[in-house]
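Throw the hints in and build the complete structure from the sequences for me.
There are 2 protein chains.
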Amino acid sequence: MPSDTPQPSFVLVRPQMGENIGAAARAMLNFGLHRMRLVAPRDGWPNPKAVAMASGAGRILDDAVLVDRTVDAVADCSYVFATTARQRDMTKPVMTPERAMEVAREKIAAGEKVAVLFGPERAGLENDDIALANAIISVPVNPEFPSLNLAQCVLLTGYEWRRQSVEIASEATEMAGTDWANAIEMDKLAEHYESTLDSAGFFFPETKADSMKLNLRNMWSRMPLTRADVQMLHGMLRQMVRWKEKG
Amino acid sequence: MPSDTPQPSFVLVRPQMGENIGAAARAMLNFGLHRMRLVAPRDGWPNPKAVAMASGAGRILDDAVLVDRTVDAVADCSYVFATTARQRDMTKPVMTPERAMEVAREKIAAGEKVAVLFGPERAGLENDDIALANAIISVPVNPEFPSLNLAQCVLLTGYEWRRQSVEIASEATEMAGTDWANAIEMDKLAEHYESTLDSAGFFFPETKADSMKLNLRNMWSRMPLTRADVQMLHGMLRQMVRWKEKG
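So the protein sequences, as listed, match chains A and B. The numbers in the UniProt record's numbering rise by one with no breaks, and the one at position 65 of the first sequence is 65. The numbers in the UniProt record's numbering rise by one with no breaks, and the one at position 232 of the second sequence is 232.
Simulated from the structure, these hints should not be mistaken for laboratory data. Treat the hints with caution; some may be incorrect.
[Said to hold, decoys possible] Label pairs and their computed distance ranges (CB to CB):
1) A/55 - B/52: 20 to 26 Å
2) B/143 - A/49: 26 to 32 Å
3) B/178 - A/143: 34 to 40 Å
4) B/224 - A/188: 19 to 25 Å
This structure is a prediction, so every number in the text was calculated from the model and none was measured. By construction, the Cβ of each residue, glycine as well, lies at the ideal position given by its N, Cα and C atoms.
Below you can see the structure in the form of structure tokens.
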């Protein structure tokens, strides 16, 4: 576990079910987060149900910091987010998870300590908890069905943390390193098909031959073909000719 | 439920636990998605455990389309994403959920039908399922702990769909109004080439035949083919066979 990576702490405030604490630990580790703090878990601590659910992410539970009050959980933090489902009139900035984790990244890069509060399963955070926060995170859910559970809320926030901190070049990962065919290879492929299909009598009637050839060339040029694709397409056609020649 | 909003269909391929189907339905509805398709759920359909878990999102299950094979689930779709945890060398674009839902939004805005495939809980999608896809969605998880479950994968993809679809695209889409081939047409094309090339002895040696066939299917599925392209490709092959038969 890369325990030195600067990252926010995730604070579960008065969580109820052990299973949900375990599921939250897994969701954190999925996105490389491992600093969990627990405020007064309902069923005490440690909790065997949390351990069972966390399988593979158990070290997050082992290292979790246990405190009695929310204020103790964020005592060392200079910037605190509170996650809420409902919008409340708290006169604080309300941010999407994306914007919030962008802010978190900037603050952490500047040496600040950042925490994110997650409320108990049913009731959510109380006003006293939210009063400790500098900003609110609100996930843009369907207003007719805004029922995210604790681990899901942790998952989405962790996902945005990783997106913000890893700088995923989404364009660059698309088939990065693929060996695309170049224009000469594409031209030779088009040539091969055109001449073989000509011999096979495909471009018929002759009045339509030119436009058929143009359509075929246009199709090849629109195709995102790799070198391997081009080799395969040549091989397919050669094999068809061999087959014909065998009679 | 806003049943007329254009949106992708989420296809659960051979899901095992009813609870996970119910949780996926909830995750979809959280982000305003309601088009579920089910391919051969292990425990049959309807499934009371799915209904119990879906509470509040039961209508998604009621409206779910049940089919036997993955190809039937995407038959009307011109663009298909496959979600995978492991990277595989399938020579298809690999996209983050963000980029994928950006692409989905553009395609849907241009009138295309889009589907996202989610694999069974443990094993994930099989190569034959992935061969039907135009692109792969890979969630940028912690490589040391990449254990997203089915509902979490649905949740993150749904979240990105909502993020992308709430910011409405104003840019004009290239090739809007193009008559793209759908999955059935693509499947028939792949079938036609596979069987003819088989007769021609292309898939040789036999030890390599399966991987050659998979490569070929993957190539077709990556190609942005129009209906006219597909007709031309069928015609080319038919003409080669006629040529052979003339001797």
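Consistency of the hints with the structure:
{"no.": "1", "hint": "A/55 - B/52: 20 to 26 Å", "in the structure": "24 Å, holds"}
{"no.": "2", "hint": "B/143 - A/49: 26 to 32 Å", "in the structure": "28 Å, holds"}
{"no.": "3", "hint": "B/178 - A/143: 34 to 40 Å", "in the structure": "35 Å, holds"}
{"no.": "4", "hint": "B/224 - A/188: 19 to 25 Å", "in the structure": "22 Å, holds"}
Every hint from the earlier list agrees with this structure, and none is contradicted.
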